[in-house]
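We have chain P; now place chain F onto it with these hints.
There are 2 protein chains.
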Amino acid sequence: MTVKDLASILKQNNNFEILTHNYPDGDCLGCGYGLCLALRQIGKNANVITTDMPKNFSFITDKAEPQDFEPEFIVSTDVADTKLLGKNEDKYKGRIDMCIDHHGSNTIEAQYRYVDSEAAAAGEIIFELIKELGAEITVDIANCLYTALSTDTGCFCYVNTTSRTLRIAADLLDLGCDSAYINKVMFETKTKRRIELERDILDKMIFCADDKCAMIYTTCEMVEGMGDDETEGIASIPRQIEGVKLGITIREKQGGEYKVSARTNGDVDACAFCAQFGGGGHIGAAGCTIKGTLESTIEMLRKAAEKTL
Amino acid sequence: MTVKDLASILKQNNNFEILTHNYPDGDCLGCGYGLCLALRQIGKNANVITTDMPKNFSFITDKAEPQDFEPEFIVSTDVADTKLLGKNEDKYKGRIDMCIDHHGSNTIEAQYRYVDSEAAAAGEIIFELIKELGAEITVDIANCLYTALSTDTGCFCYVNTTSRTLRIAADLLDLGCDSAYINKVMFETKTKRRIELERDILDKMIFCADDKCAMIYTTCEMVEGMGDDETEGIASIPRQIEGVKLGITIREKQGGEYKVSARTNGDVDACAFCAQFGGGGHIGAAGCTIKGTLESTIEMLRKAAEKTL
Numbered sequence: 001m002t003v004k005d006l007a008s009i010l011k012q013n014n015n016f017e018i019l020t021h022n023y024p025d026g027d028c029l030g031c032g033y034g035l036c037l038a039l040r041q042i043g044k045n046a047n048v049i050t051t052d053m054p055k056n057f058s059f060i061t062d063k064a065e066p067q068d069f070e071p072e073f074i075v076s077t078d079v080a081d082t083k084l085l086g087k088n089e090d091k092y093k094g095r096i097d098m099c100i101d102h103h104g105s106n107t108i109e110a111q112y113r114y115v116d117s118e119a120a121a122a123g124e125i126i127f128e129l130i131k132e133l134g135a136e137i138t139v140d141i142a143n144c145l146y147t148a149l150s151t152d153t154g155c156f157c158y159v160n161t162t163s164r165t166l167r168i169a170a171d172l173l174d175l176g177c178d179s180a181y182i183n184k185v186m187f188e189t190k191t192k193r194r195i196e197l198e199r200d201i202l203d204k205m206i207f208c209a210d211d212k213c214a215m216i217y218t219t220c221e222m223v224e225g226m227g228d229d230e231t232e233g234i235a236s237i238p239r240q241i242e243g244v245k246l247g248i249t250i251r252e253k254q255g256g257e258y259k260v261s262a263r264t265n266g267d268v269d270a271c272a273f274c275a276q277f278g279g280g281g282h283i284g285a286a287g288c289t290i291k292g293t294l295e296s297t298i299e300m301l302r303k304a305a306e307k308t309l
Numbered sequence: 001m002t003v004k005d006l007a008s009i010l011k012q013n014n015n016f017e018i019l020t021h022n023y024p025d026g027d028c029l030g031c032g033y034g035l036c037l038a039l040r041q042i043g044k045n046a047n048v049i050t051t052d053m054p055k056n057f058s059f060i061t062d063k064a065e066p067q068d069f070e071p072e073f074i075v076s077t078d079v080a081d082t083k084l085l086g087k088n089e090d091k092y093k094g095r096i097d098m099c100i101d102h103h104g105s106n107t108i109e110a111q112y113r114y115v116d117s118e119a120a121a122a123g124e125i126i127f128e129l130i131k132e133l134g135a136e137i138t139v140d141i142a143n144c145l146y147t148a149l150s151t152d153t154g155c156f157c158y159v160n161t162t163s164r165t166l167r168i169a170a171d172l173l174d175l176g177c178d179s180a181y182i183n184k185v186m187f188e189t190k191t192k193r194r195i196e197l198e199r200d201i202l203d204k205m206i207f208c209a210d211d212k213c214a215m216i217y218t219t220c221e222m223v224e225g226m227g228d229d230e231t232e233g234i235a236s237i238p239r240q241i242e243g244v245k246l247g248i249t250i251r252e253k254q255g256g257e258y259k260v261s262a263r264t265n266g267d268v269d270a271c272a273f274c275a276q277f278g279g280g281g282h283i284g285a286a287g288c289t290i291k292g293t294l295e296s297t298i299e300m301l302r303k304a305a306e307k308t309l
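Chain order of the listed sequences is P and F. Numbering of the first sequence is given in this note's numbering, commencing with residue 1 and proceeding in unit increments. Numbering of the second sequence is given in this note's numbering, commencing with residue 1 and proceeding in unit increments.
Next comes chain P alone, as it looks inside the complex:
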């Protein structure tokens, strides 16, 4: 299956629903809305289906008001597993026709599957796909795709960034995307509450495995009333510290569940680390969910980190 094949199948169908993962980020929203706008441009009906939306993506989501139609063809973008559909899992499980993703660990069963784990962002695939559809990359679409690329690469700073990523970003700049606005909103603006949270997190940071592992956590109380957009990116804090090879972020969720993100600089396999707890992801960034108390979760992770490092 090539990107050209994907385009040809999309052209033969109509009435699309495009699924994004829960707590959507810039990549899945940029992909979903970019593809939606392109499909509408070539005369199709299309909607993006989201859940648990953060607040700061209105510059993307405002550009595609929902349309009224009977859905016939379901596409997922940047969704590695149907579990990540959140509230929409039951409705769409087993019903996805086309799966487009860049997570090597993708488990979604679909008639048409395209997974390119070399792509830093799923947005790179969608960029090629929109060109193959013969749609024009308008400024609105360019903004969607630039958001996809820049957010999944930490503004082209993470190791997943390739020359292809940079060349597509260059094309998007030439096509008029408002990178200044997007970078300001995505990377340079923090709320007062966020600043307070960072201070709080730094106060409580835990080092282990001879300081080669740094762990931070947030409790429900610490982030009460904060949107996901306000707490995004904290997972990169522990890994930034000199000498730290494994940065772990623990987020308390309702019901005694702890969402764990592991970040490494590639020397340590974050995916293998999280697989011990039933999770997965990439070598440099992975996640898992652990049930228990905050203390027991920290202890489990500390032991695993000391064994790994």
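Just a sample of chain F residues kept apart from chain P, beta carbon distances all over 10 Å, derived:
{"hint": "1", "residue": "K44"}
{"hint": "2", "residue": "A80"}
{"hint": "3", "residue": "K93"}
{"hint": "4", "residue": "Y114"}
{"hint": "5", "residue": "D269"}
{"hint": "6", "residue": "K291"}
{"hint": "7", "residue": "K307"}
Derived pair list, reagent style EDC-like, types lysine to aspartate or glutamate, alpha-carbon separation capped at 16 Å:
{"hint": "8", "chain 1": "P", "residue 1": "K55", "chain 2": "P", "residue 2": "E230"}
{"hint": "9", "chain 1": "F", "residue 1": "K55", "chain 2": "P", "residue 2": "E242"}
{"hint": "10", "chain 1": "P", "residue 1": "K63", "chain 2": "P", "residue 2": "D140"}
{"hint": "11", "chain 1": "P", "residue 1": "K190", "chain 2": "F", "residue 2": "E198"}
Because the hints were derived from the structure by calculation, they are not lab data. Even glycine gets a Cβ: it sits at the ideal position worked out from N, Cα and C.
Just chain F now, with coordinates in the frame of chain P:
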């Protein structure tokens, strides 16, 4: 004067000294060492002349051990004014043969001048120049130039980034530059001490003018023993806060002097703000020095901020 002209003049000369500005950053070091390596490759003698070197650029500077020769031709890269030569000003003032820069405000007099203020980094010019010289862009040169581009654009996040910047960066990745290492050293590594300093700064942050101004400060005690590279970038902290139009950073220096940096998003004129205290700079970033105590400095700035906003 075109980049081709610069190359042809360099080819006709030999025994080069390449000047960088004081407290050199990634752009001037990347340009200086990149050009030096390229000149040596085509059979010339060349040295880079630096002063006040920070610690974390050894991966660049180690690649060109000083050569012994009688200098004949002086090139400056990324130096906007001879004052910025620091200790080397007296020696080189009026003696620069070729000036290559991207600061529109460049005041250097030289027989051959090439100033391209559209270039996000002077490294963009040096990239073209090395190609015109007919030198191969080796991995070492690619590392120099990637460092130049990425540091002057905040890893391609600042508004100065253009599609040309991104395309050159893509070429450098294809030429084998170690962007992962460079980004890690330049953007992602914070010492434990730095993390503690940030926490300390956030604890003591002051808001005024209806939260439209945020002020942070460091005392000599807070930064004791820390290098400039460890405290770099803290001036961007207050401006990042949502709603803050004027971000002020106060640094205690020896002898009852306080160095003040003002940062704005362009709505407020940082230069006019600092001019009240005998300072200056750009609309978005300016500075001044105030004598007194920490308390009196904060009070003066608070009153000025409340009047301005």
